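Protein chains: 2
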Amino acid sequence: MKKFTYMFEEGNAGMKNLLGGKGANLAEMRGLGLPVPNGFTITTEACLDYYEKDETISEELEGQIKDLLSRLEKETNKAFNSTKSPLLVSVRSGARASMPGMMDTVLNLGLNDKVVETLAGLTSNRRFAFDSYRRFIMMFSDVVKGINKDEFESLMDAAKQAKGVEEDNDLDAADLEKVTRQSLARYKEIMGEDFPQDPYVQLMDAVKAVFRSWNNPRAVYYRQINNIPSDWGTAVNIQEMVFGNLGNSSGSGVAFSRSPATGENRIYGEFLVNAQGEDVVAGVRTPMDWEEMKDWMPDVYEEFKAIAKQLENHYGDMQDIEFTIEKEKLYLLQTRNGKRTADAALQIAVDMVEEGIIDKHRALMQIESKLLDNLLHPSFEAGALKKAKPIAKGLPASPGAATGGLVFSVEAACEAVNAGKKIILACVETSAEDIEGMNIAEGILTAKGGMTSHAAVVARGMGTCCVSGCSSLRINKEAKVMEVQGKRYREGDIISLDGSTGCVYDTEIETVEADLSDVFTTVLSWANDIRRLNVRANADKKEDVAKAMELGAGGIGLCRTEHMFFAKDRIFEFRKMILAEDEATRQAQLDKLLAIQQADFEDIFRILKGYPATIRLLDPPLHEFLPVEREEREELAEGMGIPLDKLQTMMRALREVNPMLGMRGCRLAIVFPEIAEMQTKAIIQAAITVKKEGIEVNPEIMVPLVSDIKEQAYLRKIIDSVAKQVLAEENVDLTYSVGCMIETPRAALTSGEIALEADFFSYGTNDLTQMGYGLSRDDAGKILDVYYEKEIFETDPTAILDQKGIGRMIRISSTEGREGKPEIQLGICGEHGGEASSIRLCHELNFDYVSCSPYRVPIAILAAAQAQINCPREYLGADLQKWPL
Amino acid sequence: MKKFTYMFEEGNAGMKNLLGGKGANLAEMRGLGLPVPNGFTITTEACLDYYEKDETISEELEGQIKDLLSRLEKETNKAFNSTKSPLLVSVRSGARASMPGMMDTVLNLGLNDKVVETLAGLTSNRRFAFDSYRRFIMMFSDVVKGINKDEFESLMDAAKQAKGVEEDNDLDAADLEKVTRQSLARYKEIMGEDFPQDPYVQLMDAVKAVFRSWNNPRAVYYRQINNIPSDWGTAVNIQEMVFGNLGNSSGSGVAFSRSPATGENRIYGEFLVNAQGEDVVAGVRTPMDWEEMKDWMPDVYEEFKAIAKQLENHYGDMQDIEFTIEKEKLYLLQTRNGKRTADAALQIAVDMVEEGIIDKHRALMQIESKLLDNLLHPSFEAGALKKAKPIAKGLPASPGAATGGLVFSVEAACEAVNAGKKIILACVETSAEDIEGMNIAEGILTAKGGMTSHAAVVARGMGTCCVSGCSSLRINKEAKVMEVQGKRYREGDIISLDGSTGCVYDTEIETVEADLSDVFTTVLSWANDIRRLNVRANADKKEDVAKAMELGAGGIGLCRTEHMFFAKDRIFEFRKMILAEDEATRQAQLDKLLAIQQADFEDIFRILKGYPATIRLLDPPLHEFLPVEREEREELAEGMGIPLDKLQTMMRALREVNPMLGMRGCRLAIVFPEIAEMQTKAIIQAAITVKKEGIEVNPEIMVPLVSDIKEQAYLRKIIDSVAKQVLAEENVDLTYSVGCMIETPRAALTSGEIALEADFFSYGTNDLTQMGYGLSRDDAGKILDVYYEKEIFETDPTAILDQKGIGRMIRISSTEGREGKPEIQLGICGEHGGEASSIRLCHELNFDYVSCSPYRVPIAILAAAQAQINCPREYLGADLQKWPL
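Those protein sequence lines, which keep their order, are chains L and B. Quick note, in my numbering, the first sequence goes up one by one and the last residue is 885. Quick note, in my numbering, the second sequence goes up one by one and the last residue is 1770.
Keep in mind the hints are simulated off the structure, nothing from the lab. As the structure is a prediction and not an experimental result, all values here were calculated from the model. We put the beta carbon where it would ideally sit given N, CA and C, even for glycine. Each hint should be verified, as a subset may be incorrect.
Under 10 Å between C-beta atoms, here's a sample of chain B residues computed to sit facing chain L [to be verified]:
hint	residue
1	Asn962
2	Ala1317
3	Arg1549
4	Ile1555
5	Glu1559
6	Leu1634
7	Ala1665
8	Lys1667
9	Arg1693
Only pairs whose alpha carbons sit at most 30 Å apart, straight line, appear in this in silico BS3-like list of lysine-lysine [to be verified]:
hint	chain 1	residue 1	chain 2	residue 2
10	L	Lys821	L	Lys681
11	B	Lys1306	B	Lys1477
12	L	Lys576	B	Lys1372
13	B	Lys1306	L	Lys370
14	B	Lys1595	L	Lys208
15	B	Lys1675	L	Lys681
16	L	Lys724	B	Lys1675
17	L	Lys53	B	Lys1372
18	L	Lys782	B	Lys1477
If you want the ones that stay clear, here's a sample from chain L, every Cβ over 10 Å from chain B, calculated [to be verified]:
hint	residue
19	Glu656
20	Ala747
21	Thr750
Construct the entire structure; sequences and hints are all you get.
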């Protein structure tokens, strides 16, 4: 027989999976001897059992609840329905992970027509007793029976109106007794039966309701957003009620053991005299600052201060504590690690280490890595932001805050910026040829595309704020107008974007620049000491490379060579190369591009000073580079000396049905080896030049989109032969390596073989995810929306790496790749490279590095350190411990 | 002491591991007492010994070689360096597994300055002697010393230039003698020593060179790719040279023991008097027909006839035999199973069984299953075809032969066919809306698209001849013109297509109708008795279903429900459904479609009479159904009562960047559950109707493009609930099953889980291949061309299932799927379902069935029987023998 129920004294903080966060912490506090009202917890397993049994409570479970209820009655010396000492309880949800306010709670359970009188007598407070009862009726009706609260609120409103008063507090005991009777009548009217008078029936109904609330829409939504599995279930806590509203020697409040805003080491909280916890949350009266407690109830002030410190020391983290004072006696109702801003997180971590409360490892574990993002980008001034109202919401594709005049084209962007204006570039979706405009924009806004759409990926790389996939926008580029729910915005209209929330505003909002604090640097230096994974950056412009190194990168894990060709002067030559009708013309164009690319590589090598640079051969479908605008086409045709018609035909020939599955990646280099030859030449010549300057260089040449060993072998041969020739000509010795991306499922499943021809593998998790799911990131948007709604997907697999299917490919590939070539270097360079759970996978597979956008480098460093703390080398299987060699 | 050398008379065909394939077969013929030139084999173990001893030949091995060389000299009554009767030998590699062309060979070994004179005298053919010598010098220098052949070829070129002739044959004995001397001088110049004159030294050097060639880069690479262990080593065969070019009592030829064209039981061959085998192959002179041998050399004629019969009986198959006659003495140089036409293959198989030479199992194994395809479709009359010259060549996408007038659109196709004309439909690529035109065309020709492009798949399903991906065509639909290398063809111009070769002609060629012969029927009935795999067909029209059953199918493995909506009257309603702006309108349209679809299913169930029908829910991206022509758009807009503009906007909203990776498959049904509901209703209602007629029904409802268990679970719930409701309404009991396609890599890798929600898996190998490689079948054409040219791919993975990567996914999926649900039914319904190697994989994984186009059913039946003969149930691993349960 499974144990489905635990008295608080039977549990502890380590039992979160079973007791939920709230239950486990109540048990822990109880174990610490702290003043916690008595109670017991019904486990998360009981919740799952409830769902397995078609939403019924088994006899077994009911039996256990009854047993513990008796124990609770004994402990408290109170009893359900007692006319001397009636037991009232709260029934609260509590999942493994905190889901604040998402699920349901019933308070004051145990009240009925008889007990309310007893309570009135015991407390000598008839008003309190009937207020509690009517609240209970309303809450029970809402949570258990689904009756809208308004049905009961309206009775209160009527009573106040009749009496000519405005506040609930202005109603007296008699008024409330009347409202209570009316509430009972309304209940019967709606439900066709009397309000349940048996506290035990009330209890079982409430327990079921809390179980059900695990699947209410807002809880489901919250789980999606926060990556919480739906099969965890919620626990239910049954706890003796204590009352903060028994007069002026009672009260309720919430306090943090340190400031959640700045991290300052002092108690920060609020409380209300003669009030219940919910009154504090609801904000009906303005609460008092914690420090006022000192005057009001100095003993409680000191007691709480000591308890807060004790809890903080015990949990080793800043605590968020709920308390109630019933007639001068302090009760703790909840403690949990407090939520905090990024600034506070860093400050608290550093302070607590200095105070000797925790070590660096624990400190690092307390900082949510993705919070760092906010510290690296400008943000809206908090006050100003509060006042602004979003006009639309898209995906938070690249963090930061930006305000500027709306533009719809690269041309308009250039014009406005040249005129000294700040701009927001709005597009249906961006493509490679918008790069220049994206580069000079304050922010980027797209109507289509997900978290790994072109706009999102490029913006993150640039560190530019971006909101993508904002589907309520209608953008008409030709007409230069953007429509949002009937309102039209034209070029020059002010738009503000919050890339961290996805919100779009039509007002100017003051922004605050990012400023790396000392604690930030301290935390990063700890993380750097601890992490075993290297962190590299995906960058291709020298500014980005420099930024990445400044932020702590240990090299470049992905240099996309195609990005180097988008500047106005370069793209023209590049297009002529693509459209060359014979090899000689193509070669002539390539020679021009060689010089440009070589100079770029030299700049990068100089900045890297010997740190590795993984340079990827040309990857995207060629037609991505071709001009869209007629004007540009005409210009190109003229430049090539051919009629526009012919150019159009040539461009049409390059068009593909599924460009993601077409002529791209290594296929380009196999079909046009002269491109790979030019790029190899540029890399090796640049390396030689920089080496001659006395700077170390470490180029890694990467072949994209391999799916078969023979592709890799073919290109490796070309690369090696060009490199050999160049090195021979210059009579220089240079170490370089040649590897490939593993980004097709077949490459992952034949990695043992491919490793024979590769010095390194770099996992391209974007494509691996796209192809593994058969779902294009550009087309996923509306599908994912429906999938979330129908609970098919909980997270976007293009943002959070799917460990089950895609992760399995990576496991198979890395294991077999190393069997094929033990010294092979393994890394990840997809968008997931900056995401904590993916970094953890890479750590556990003992990869050499992860690579991410420059601005995510600090996040990745922290996540890598956390992965090492969570799973030190000796935890890895023996088969993995030997890697990297 | 290990035995490292075997005279041919000591070996047999069973000793392949030790003697290599070639050595074992020569020994076998020798053992049969046939006239094989004498020789011996140095074993594969000797090769390994050579490597173990740091690439030296041990004294022991050398001693054995010397011994057998003496035996060879004794047997041949010739000797190295003899001035009376010199021994010349060939030195050839021969591994356990055939590695054609990977390792080295030296011929005419034993020649030197002295022996060449003896040879000249003995043969009275000085030119022959010196030509043999100079060839030997070149081959030895290349293979043993690594000197580039060009060093010697250039001497021949110079000699020809000096004499003002073009052909080697125009050089006389004196010329060749001079080239020989120059070759010897060049050798000395490069090597700094004389060319070895001692035949024994030549032999040992050559043996070492052959051993070394086991590890030359191309052999190493070949082994890697073909999974041949590097520790097998190669054997070396030393064999006496015989010469067919020693005058008019000598000759060489090739003969088949039966006609390779018709299977007729008589010797069919060709020979040349005074010629070597290579002359026959090179076709310098017109060879004589085998029957002329009777007059020329009646004894040899009779001797060979008896030998051919003996070899045929011994090997149990028609033989392709190479022979040389040296001065009236017949020598056999090779025998192997002969290649043959489909007609011959069937005739020979049936005859040989009747003659009692082989049993049915062996007979079936001798028929290459894919040859049957030619027998099921019309073909060009052989004589007429010989005269025709192709204007272009594409992919042989669907077999058969067709002649007709060119058309470029469905409209033109209908018009011409209504006027009683035969047509060839030419398109850049076809899409769903061309179905009607494809249906009435004699043949289909496309400029783009691979072996599994839309045109190819649909044409094969219809049994219509198709040439796809013919990239040298420029097709302009608007201008109604097709251009091929400068020549223009217009509507009505006669075009002929050969779907079995991919050739396109611009003349009318007489076609011959297919006629299933008695031997065909006999062979199929044998195969049906033996096969264990079921064979189903992919079909959705009742005619195709009937055809499939006629050709032996055991049910339908894939009924594509979308194909049912392309008829003119249906597509209109279907389009209105797709574009419905609200659920009510969509539901109204769906109700109309329900009746249509239900009637179709009823027809199919009636034909199937209880055989299973796997019906797939709507699969393709919706925009594939939308009208392309303006006229049709206008019609549709009018029909929907909306402005054309609005329709265009709605259509644009459906457009996707990568439709293959977008809103298709189960995603459609999840986003629009009402479509799945309608289809389920149609299936179940049709099944009920037909069952009430007393006909058994067995519907299987299939969900496409699943990538996660939750998708399958969501739709299964919908399907089951609709089915339950319909069955309850009709009060009927009906068995149906619900399964899914495994066609995304992630589905394959999470099959253990998905199986929990599926009664069957059907592998969609088209998509699995597309996504596994990241290569769209529609865009693969030009890429594959280059890949073949550069030897990166040997076959089209969309035509021949890649067993290594994609096959591995299927292995993982089927194994884990069965672990998840032991009784799960497994089948394959991709294009590979009719291809022998894929069928063998399915057999070895103990699948329940394969499913293919109707016209490939006989092929699949034969291939399934062959798989069973090759690998009977008891050969399967214990883990597989238990399946299917």
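Comparing the hints with the structure gives:
{"no.": "1", "hint": "Asn962", "in the structure": "violated (50 Å)"}
{"no.": "2", "hint": "Ala1317", "in the structure": "violated (13 Å)"}
{"no.": "3", "hint": "Arg1549", "in the structure": "holds (9 Å)"}
{"no.": "4", "hint": "Ile1555", "in the structure": "holds (6 Å)"}
{"no.": "5", "hint": "Glu1559", "in the structure": "violated (13 Å)"}
{"no.": "6", "hint": "Leu1634", "in the structure": "holds (5 Å)"}
{"no.": "7", "hint": "Ala1665", "in the structure": "holds (8 Å)"}
{"no.": "8", "hint": "Lys1667", "in the structure": "holds (7 Å)"}
{"no.": "9", "hint": "Arg1693", "in the structure": "holds (5 Å)"}
{"no.": "10", "hint": "L:Lys821 / L:Lys681", "in the structure": "holds (27 Å)"}
{"no.": "11", "hint": "B:Lys1306 / B:Lys1477", "in the structure": "violated (35 Å)"}
{"no.": "12", "hint": "L:Lys576 / B:Lys1372", "in the structure": "holds (28 Å)"}
{"no.": "13", "hint": "B:Lys1306 / L:Lys370", "in the structure": "violated (69 Å)"}
{"no.": "14", "hint": "B:Lys1595 / L:Lys208", "in the structure": "holds (26 Å)"}
{"no.": "15", "hint": "B:Lys1675 / L:Lys681", "in the structure": "holds (22 Å)"}
{"no.": "16", "hint": "L:Lys724 / B:Lys1675", "in the structure": "holds (22 Å)"}
{"no.": "17", "hint": "L:Lys53 / B:Lys1372", "in the structure": "violated (75 Å)"}
{"no.": "18", "hint": "L:Lys782 / B:Lys1477", "in the structure": "holds (27 Å)"}
{"no.": "19", "hint": "Glu656", "in the structure": "violated (5 Å)"}
{"no.": "20", "hint": "Ala747", "in the structure": "violated (8 Å)"}
{"no.": "21", "hint": "Thr750", "in the structure": "violated (5 Å)"}
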